[in-house]
Every structure is written in C-alpha cells, then in structure tokens.
Amino acid sequence: MAKPADTRTAGRKPVAKATRTAAETEKIRAALAARRDELRAEYDQTLSEITELQRDRLTDSAGDDQADTGTKTFEREQEISLANSILERITQVERALERLDEGGYGWCERCGNPIPVERLAAFPSATLCVTCKQLEERR
Numbered sequence: 001m002a003k004p005a006d007t008r009t010a011g012r013k014p015v016a017k018a019t020r021t022a023a024e025t026e027k028i029r030a031a032l033a034a035r036r037d038e039l040r041a042e043y044d045q046t047l048s049e050i051t052e053l054q055r056d057r058l059t060d061s062a063g064d065d066q067a068d069t070g071t072k073t074f075e076r077e078q079e080i081s082l083a084n085s086i087l088e089r090i091t092q093v094e095r096a097l098e099r100l101d102e103g104g105y106g107w108c109e110r111c112g113n114p115i116p117v118e119r120l121a122a123f124p125s126a127t128l129c130v131t132c133k134q135l136e137e138r139r
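Per full-length UniProt numbering, the sequence shown starts with residue 1, numbered consecutively.
Just so you know, these hints were derived from the structure itself, not from any lab.
Be aware that a few hints might be false.
[Unchecked claim] Now the in silico label distances, taken between C-beta atoms and shown as ranges:
#, residue 1, residue 2, range
1, 71, 29, 41 to 51 Å
2, 139, 69, 22 to 32 Å
3, 34, 103, 44 to 54 Å
4, 118, 138, 17 to 27 Å
5, 122, 91, 28 to 38 Å
6, 22, 136, 24 to 34 Å
7, 50, 117, 51 to 61 Å
8, 94, 136, 47 to 57 Å
9, 112, 139, 11 to 21 Å
Remember, it's a predicted structure, so these values are computed and weren't measured experimentally.
By construction, the Cβ of each residue, glycine as well, lies at the ideal position given by its N, Cα and C atoms.
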C-alpha cells in the first residue's frame, strides 16, 4: 500500500540552500548574541523588581481586605507572566543561534523554503516562513 503524500511538501520542489559567508554568519551571530544579552539583562532586572515588590507586599499587607489581596495577586501574576515572556524570547534567540551553528538558520523548519530577509530583520529568531506561520496561526 502506498504511503499518503505529505501535504506540507507535496507539489513543492526542494530549494537548494545557499551558503552564507563566514562574515555574514558572524554578523548574524553577533546580532543574535547581543539580543540574547539584552533580554537576559531585562529578565534579571524584572526578577529583581519582582523580588523587591514581593518584599514590599509582605511588609505592607496588614489590614488588607479581599479586594486588596486579589489586586496584589493579580499584579504578581502579571509580573511573573512578563518574566516568563522574556524567558521565552531568550529561548527563541538561543534556538536561532543553534540553528545558525547547524546551518538551518534562515530556512523554514516546516517546508524548507528560505525565510524572507525582511522577516528575519523584523524577527531574527523566526523559524517559519510567512506562509507556514500564517497556516500555524489559523489552527
């Protein structure tokens, strides 16, 4: 019995991957590393602020009613969500650096087509081309 065709790659011819120069690769690596370092500094700052705010909340909680407690809980959850978002962006940039080392940076992980330079300029850690990303977001 024949295997069903993969609908993601059916009808598409493989694109030969162009090689980038060592200078281009190093320029990309430096930009990604700089972005990772910025995000790590932002993450460390956010964690520091969360810790300080938690300390302040613990010392200033006498006489809180349910609304005050709820507000403080909501604010803490927002701060933690922000920190997790920053951590996720760090992970994305680190994954982009890994893909650069492996030779897969700039190529869609789903269809294998090149990711447009404009998309990489706007979102350097992109792993999907515009078409595949749009399909993913529709699901």
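Hint by hint, here is what the structure shows:
1. Evaluation of the 41 to 51 Å hint for residue 71 and residue 29 yields a pass: the beta carbon distance comes to about 44 Å.
2. For residue 139 paired with residue 69, a C-beta distance near 38 Å fails the hint of 22 to 32 Å.
3. Distance hint check: the CB atoms of residue 34 and residue 103 are about 21 Å apart, inconsistent with the given range 44 to 54 Å.
4. Against the hinted window of 17 to 27 Å, the Cβ-Cβ separation of residue 118 and residue 138 comes to about 21 Å, which satisfies the hint.
5. In this structure the hint that residue 122 and residue 91 lie 28 to 38 Å apart at CB is violated, the actual value being about 19 Å.
6. Range check, residue 22 to residue 136: about 33 Å between beta-carbon atoms, so the 24 to 34 Å window is met.
7. At about 37 Å, the CB distance of residue 50 to residue 117 disagrees with the hint of 51 to 61 Å.
8. One distance hint, 47 to 57 Å for the beta-carbon pair residue 94 and residue 136, is violated here, with the actual separation near 21 Å.
9. Taking 11 to 21 Å as the suggested C-beta distance range, the pair residue 112 and residue 139 conforms, at roughly 20 Å.
Hints 2, 3, 5, 7, 8 from the earlier list are contradicted by this structure; the remaining hints agree with it.
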